[in-house]
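In case you want the letters, here they are:
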Amino acid sequence: MLIDARGKACPMPVIMAKKELDRGERALTVAVDNAMALENLRRLAISFNTTFSSEEKDGDFFASFGAKADTSLCPPRATDDIDSGCAVFIARDAVGSGERALGESLMKMALYTLAQSDNIPGCILFMNSGVKLPAGEEQQLTDSISALIKRGTEVLVCGTCLNFYGLTDKLKCGAVSNMYDMMERMLAAKKVISL
Amino acid sequence: MSYTLFTFESAHGAIAAQSLLARLSPVTMPVPRDISASCGIALRVKDEDAEEASRRLAGSDIGRDMYACYRITADGRGRAVRIEKAE
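Chains H and B, in that order, are what the protein sequence lines are.
Per this note's numbering, the first sequence starts with residue 1, numbered consecutively.
Per this note's numbering, the second sequence starts with residue 1001, numbered consecutively.
These are computed hints drawn from the structure, not numbers from a lab.
A quick note: this is a predicted structure, and the numbers were derived from the prediction, not measured.
Here a beta-carbon is modelled for each residue, glycine too, at the ideal position from N, C-alpha and C.
Some hints could be false.
[To be verified] Some chain H residues close to chain B (C-beta under 10 Å, calculated; not the full set): (1) Leu102; (2) Ser105; (3) Leu106; (4) Met109; (5) Ala110; (6) Tyr112; (7) Ala115; (8) Ser117; (9) Gln139; (10) Gln140; (11) Ala147.
[Unchecked claim] Taking CB as the label site, the calculated pair distances span: (12) B:Asp1047 / H:Met186: 39 to 45 Å; (13) B:Gly1040 / H:Gly85: 25 to 31 Å; (14) H:Gln139 / B:Gly1076: 18 to 24 Å; (15) B:Arg1082 / H:Gln139: 24 to 30 Å; (16) B:Ser1002 / H:Phe164: 39 to 45 Å; (17) H:Met179 / B:Lys1046: 36 to 42 Å; (18) B:Gly1076 / H:Phe62: 43 to 49 Å.
[Claimed, not checked] Here are the simulated lysine to aspartate or glutamate pairs, DMTMM-like style, with alpha carbons at most 25 Å apart: (19) H:Lys18 / H:Glu184; (20) B:Lys1046 / H:Glu138; (21) H:Lys170 / H:Asp33; (22) H:Lys18 / H:Glu55; (23) H:Lys170 / H:Glu104; (24) B:Lys1046 / H:Glu104; (25) B:Lys1085 / B:Glu1051; (26) H:Lys172 / H:Glu39; (27) B:Lys1046 / H:Asp143; (28) H:Lys150 / H:Glu104; (29) H:Lys150 / B:Asp1075; (30) B:Lys1046 / H:Glu137; (31) H:Lys132 / H:Asp143; (32) H:Lys170 / H:Glu137; (33) H:Lys170 / H:Glu39.
Turn these sequences into a full structure, and let the hints guide you.
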């Protein structure tokens, strides 16, 4: 089955593909016209545990979903210190409201402390001005976020927000994502910590 | 792993010190639980930058009784395991 999602804005290609995968369709090809949509489809394949391949043709991308992947080839990594039921939602670039310089320092300290903790969250979701943290020039912040990714935290960054702030090419760490995936993580979490 | 840590008696002092030490790219971190300071914001610098950091603070409006300096021995993640007060 072929879905033509070229010209469709994010997250429509993922929604169209997910609809078919939910129905049980496992021989699906989705045509998209940008790399971000392709990346989102790749992650959809991971969440559905199907094989995935893609090819580029005349500037368009054709993403193919296949049969159920053989997970024995890809053993899950150790997750002792990851609290997979915990999601952290960061929708601003400083903690709380009040004096900006203080809020910025608190955000640096919060991510620094999180990166050093014994228990780290399953995922961190950056939205609105929060995307300025993984896409900014403040190395301390990107170091902390990268350390969490290295330890196994999934970091999703709102693509619409990166685009709005003109930061799409500046993302230093984390994966570009969409409302669909981010809301799914929040709904699946046992607790969501909002900073 | 070791580093030098500056703690402050006021949050305003800590925030002013961030700009003062910006050239040394200090890491802003919470004051370790074993250290007592009025303000919870600490600035971590590389040991080799400690002297310059002290010099810059000494030449600033932040009074000498408004900050303290510590040498920290840390574990792999940077958590303090040994703390020595420095002059």
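Going through the hints against the structure:
1. Leu102: It holds, given that the least Cβ distance between leucine 102 of chain H and chain B is near 6 Å, below 10 Å.
2. Ser105: 5 Å, holds
3. Leu106: Result: holds, 8 Å to nearest chain B Cβ.
4. Met109: 5 Å, holds
5. Ala110: Hint on alanine 110 of chain H: holds, closest Cβ of chain B at ~9 Å, below 10 Å.
6. Tyr112: Holds. Min distance 5 Å.
7. Ala115: Check passed: Cβ of alanine 115 of chain H comes within 7 Å of chain B, closer than 10 Å.
8. Ser117: 9 Å, holds
9. Gln139: Cβ of glutamine 139 of chain H sits 7 Å from chain B, so the hint holds.
10. Gln140: Interface hint status for glutamine 140 of chain H: holds (5 Å vs cutoff 10 Å).
11. Ala147: Hint holds; alanine 147 of chain H Cβ to chain B Cβ min 8 Å, cut 10 Å.
12. B:Asp1047 / H:Met186: 39 to 45 Å: Since the Cβ atoms of aspartate 1047 of chain B and methionine 186 of chain H sit about 42 Å apart, the hinted range of 39 to 45 Å holds.
13. B:Gly1040 / H:Gly85: 25 to 31 Å: Holds, at about 28 Å.
14. H:Gln139 / B:Gly1076: 18 to 24 Å: 19 Å, holds
15. B:Arg1082 / H:Gln139: 24 to 30 Å: 26 Å, holds
16. B:Ser1002 / H:Phe164: 39 to 45 Å: Holds, at about 42 Å.
17. H:Met179 / B:Lys1046: 36 to 42 Å: At roughly 41 Å between Cβ atoms, lysine 1046 of chain B and methionine 179 of chain H fall inside 36 to 42 Å, so the hint holds.
18. B:Gly1076 / H:Phe62: 43 to 49 Å: Holds: the Cβ-Cβ distance is about 44 Å, inside 43 to 49 Å.
19. H:Lys18 / H:Glu184: Within the cut-off at roughly 12 Å; holds.
20. B:Lys1046 / H:Glu138: 17 Å, holds
21. H:Lys170 / H:Asp33: Satisfied, since the Cα-Cα distance of roughly 21 Å is no more than 25 Å.
22. H:Lys18 / H:Glu55: 20 Å, holds
23. H:Lys170 / H:Glu104: The given pair, whose Cα atoms are some 19 Å apart, holds under the 25 Å limit.
24. B:Lys1046 / H:Glu104: 22 Å, holds
25. B:Lys1085 / B:Glu1051: Holds, at roughly 15 Å.
26. H:Lys172 / H:Glu39: OK: lysine 172 of chain H and glutamate 39 of chain H at ~16 Å, within 25 Å.
27. B:Lys1046 / H:Asp143: 16 Å, holds
28. H:Lys150 / H:Glu104: Roughly 24 Å separates the two Cα atoms, so the pair holds.
29. H:Lys150 / B:Asp1075: With Cα atoms ~17 Å apart, lysine 150 of chain H and aspartate 1075 of chain B stay inside 25 Å; holds.
30. B:Lys1046 / H:Glu137: The given pair, whose Cα atoms are some 20 Å apart, holds under the 25 Å limit.
31. H:Lys132 / H:Asp143: Distance ~14 Å between lysine 132 of chain H and aspartate 143 of chain H Cα, so the pair holds.
32. H:Lys170 / H:Glu137: Given pair lysine 170 of chain H, glutamate 137 of chain H holds - Cα atoms ~9 Å apart, limit 25 Å.
33. H:Lys170 / H:Glu39: 17 Å, holds
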